[in-house]
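In order, the protein sequences belong to chains R and L.
Each residue of the first sequence is one higher than the one before, counting from 0 in numbering that gives the first Met the number 0.
Each residue of the second sequence is one higher than the one before, counting from 0 in numbering that gives the first Met the number 0.
You may find that some hints are simply not true.
Computed cross-link-like contacts, DSS-like style, restricted to lysine-lysine with a CA-CA straight-line distance of at most 27 Å [claimed, not checked]:
hint	chain 1	residue 1	chain 2	residue 2
1	R	K80	L	K55
2	L	K1	R	K80
3	R	K86	L	K55
Just so you know, these hints were derived from the structure itself, not from any lab.
The residues making up each chain are set out below.
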Amino acid sequence: MGHFKFLEPASLDEACGMLAEFSSGAKLLAGGLSLVPMLKSNALAPSHVVDIKGLRDLSYIQEGNDSVAIGALTTFREIGKSVVIDKRFPALLDMERNLYDVQTRNWSTLGGNLCDAGRSGELAPVLTALGASVRLVSSGGQREVHLKDFHLGHRATALRADEILVEITIPYLGSRRSAAYAKESRRSDHRAISAVAVVVQLDERLTTITDAVIVLGGLHDTPVRASKAEQILIGQELRATLLDEASKAAPGVVPVISTRAGSADFRRSVTAMLTKKTLTLAIERCRVRDGRRG
Amino acid sequence: MKQSVTLRINGTDYELYVDSSATLLEVIRDELGLTGTKAGCGTGACGACTVQIDGKAVKSCLVLARQAGEHEVTTIEGLGQVGHLHPVQQAFIDRFAVSCGFCTPGMIVAAAALLTENAHPTEDEVRHAMVGNLCRCTGYVTIVDAVLAAAEESSPQIKEA
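The whole structure should be built from the sequences, with the hints applied where relevant.
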């Protein structure tokens, strides 16, 4: 690894000040599971590493009036154990349960993972489907960015060099509206070769799809909406072949990457399978949730 | 560049002066001579470097040592010693769960962390909790048996340990 000075700000303000001072020479450190391998391989050689993992104020899960606010330094395991998340967004638990391994989930943070923005990232597709946004803070102020506008490419985000992602806000799903997530990964390194997050809304009789959001991860530089598949579903009564039709159409939306981990063809067929699986689960969740309240 | 840091390892505070780039694994093994924790892959894949940070299993090869400063770190040496073995260690011996032994410390530390959180895991839960620990020798069967046996035989001790 190269030589850098390790800085431990005692507050968010202090951290922002350090980023402002050292600009692109400074790198933020949260869990480090994205940064440390890059430091070890000398892919990055910052002059300063600003460790924000100790800023406990940035680790929380708060139920608000119309959304849940999650501090950026909340770990995946904390999400997995959260009663609030289980109640409001079980799709996040679908993702957390099989993300890498428990050692990673104990230490890795949501904010760090979003800023890493790897194409096999699993958090981004779920949050995008859920309509989440992130709050970015710097010495100069703060701004909210929707997840769909946050990812700009593989390992590229809208985060500026002097900004820190501090909070993720997820609006509540309305009635008869539920989400689900599933992925397939290589057995050897657990990286997703296809990740599908869906949100489905049903009408009062629970027989017709009134809205659908399908976000695909692991196939392209950023998560993508499978809009053709969504259009096949919206306004349609749930008939036997509907989900099959939508699932087949889902992966056709972008050029799909082809790597040793999974060829484009394999990723497409896995995506179709995962789309059907998640749509089925989301629809079931709509029915169960509504049944519980009714 | 070298900077000072205080680390609490197995209940003892150590004042250290280490490079800012030193990982927790390097400091545990090279500075403190606690070589029970193993360096397997260096990329966070194999789990042989597993320690507990505040009782939770974490892979120490990817944690910069300085980040552990405000936490309690437990290594395999802190879990049990000859004559006073942790129930999971005893179960690994009893169930022949050790072959070459290289993955063993990481396995035991991960299993011990699981059992403090979930004293009676199912086989699926054990396998799920230990998916981050790789073994090239045993095929995992005896390891899973040992963890289940430790859970069955000694839950009160595990809560204390």
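Q. Quick one, are R/K80 and L/K55 close enough, alpha carbons at most 27 Å?
A. 13 Å, holds
Q. Quick one, are L/K1 and R/K80 close enough, alpha carbons at most 27 Å?
A. 38 Å, violated
Q: Compare the distance between the alpha carbons of R/K86 and L/K55 with 27 Å, and conclude whether the hinted pair is satisfied.
A: Cα-Cα ~24 Å, so holds.
The structure does not agree with numbered hint 2 stated previously, though it agrees with all others.
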